[in-house]
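Enquirer: Whole structure, please, built from the sequences with the hints as guidance.
Going down the list, the protein sequences come from chains A and B. Number 34 in the numbering used here belongs to position 34 of the first sequence; there are no gaps in the numbering. Number 67 in the numbering used here belongs to position 67 of the second sequence; there are no gaps in the numbering.
Calculated from the structure, these hints are not laboratory results. C-beta atoms are modelled at their ideal positions from N, C-alpha and C, and glycine is treated no differently. Check each hint, because a few of them may be wrong.
Chain A residues, not near chain B, derived (Cβ > 12 Å throughout) [claimed, not checked]:
(1) G26
(2) A28
(3) T94
(4) V104
Computed footprint of chain A on chain B, listed as stretches where at least three residues anywhere in the stretch have a Cβ under 8 Å from a Cβ of chain A [said to hold, decoys possible]:
(5) 2–9
(6) 80–88
(7) 110–123
(8) 153–162
Residues of chain B placed beyond 10 Å of chain A at every Cβ, according to the derived structure [claimed, not checked]:
(9) D51
(10) G61
(11) V67
(12) G99
(13) A140
(14) T169
(15) V172
(16) E174
(17) Q178
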Amino acid sequence: MDFGRLLRLARRRAGLSQRQLAERTGVAQPTIARIELGVAVPRVDTLDRLLGACGETLEVMRREAVDFDRTLIRRLLAMTPEERVACLIEEAATLRRLDEAHPVGRRGL
Amino acid sequence: MAYDPLRALRLLQRRHVRFVVIGGVAARLWGSPTMTNVTEICCRREPENLDRLAGALRELGARWRDVRDDVSLRLEGATLAAGENCRFDTDAGPLDVLGEPAGIGGGFDELRANATDFDLGKGLVVPVGDLEDLIRMKRAAGRPTDRVELEVLIAVREERDSAWRQESTAAVRERDDQAGTAGDRL
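Expert: Written out as structure tokens, the structure reads:
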């Protein structure tokens, strides 16, 4: 998980500067800056305190598909955005052809 | 009606519509392998922008998707302003326009502030909702299909972060190697 990005977005949503967040939580502003830059990894209770001051919280959720096959994600991440959309359009066309297909010699299926 | 999100997005851009790409197309741009055939956008709700959106929709031959055929609704900014979420079939495939996406309290302005511009080639650069915001939207929607896609988006985030870490580690190693080589020369 990218804690820095998570915190930065939460702080922005709350309309707080790093200095204001530091004043509210007692966590030094340079420390907040280091967490947001990804240079420092916060302890869970520190992150919870920082997020709490932004009006958000850490939540534990049950993962439904931890064993999710990630090979397609990795393949897509290796592509440019243009190529990712091109794949999507091609897939949609394939799906459309599959939708229109019917067993040879049979009707009404 | 061939699905062509690029055509729809290009037209919106040409008409100067202020929008952010969300939904399945945004998820794909971040790396989700989930298939979609709907282009979803969130639009700024100011009257001038909705007028521009209505113009773009008319040019795309848009028909209201969830309005009965015997109900006549004109495609104008004022009509779009009356409904939060509007769904259309267009000549470029289904196009859904959301005013207030679930889970994003600040609506368009918040989405736009967090969005990343993606270059889709041939001069088409569009703002795409941040991956964290897409995750928030899925979490807030809470339907079974959304929970499945939520898992996919979380996996995408983990893979992306892992790739970033590898890239930055490689960059640091390369820099250190270069510094070492320079040191050897001294």
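Enquirer: Now tell me if each hint is right for this structure.
Expert: We went through each hint and held it up to the structure:
1. G26: Non-interface label stands for G26/A: nearest chain B Cβ at 26 Å, farther than 12 Å.
2. A28: A28/A is indeed farther than 12 Å from all Cβ atoms of chain B, at 24 Å.
3. T94: violated (9 Å)
4. V104: Correct as stated: the minimum Cβ-Cβ distance to chain B is 25 Å, above 12 Å.
5. 2–9: It holds, with 5 qualifying residues against the three required.
6. 80–88: It is violated, with 0 qualifying residues against the three required.
7. 110–123: Coverage by chain A holds here, the residue count being 7 at a Cβ distance below 8 Å.
8. 153–162: holds (count 8)
9. D51: holds (28 Å)
10. G61: holds (18 Å)
11. V67: V67/B is indeed farther than 10 Å from all Cβ atoms of chain A, at 24 Å.
12. G99: Non-interface label on G99/B holds, nearest chain A Cβ at 19 Å vs cutoff 10 Å.
13. A140: The claim holds: A140/B sits with its nearest Cβ about 12 Å from chain A, beyond 10 Å.
14. T169: holds (12 Å)
15. V172: holds (12 Å)
16. E174: holds (19 Å)
17. Q178: Per Cβ check, Q178/B is outside 10 Å of chain A; nearest 22 Å; holds.
Hint compliance for this structure: hints 3 and 6 are broken, all remaining hints hold.
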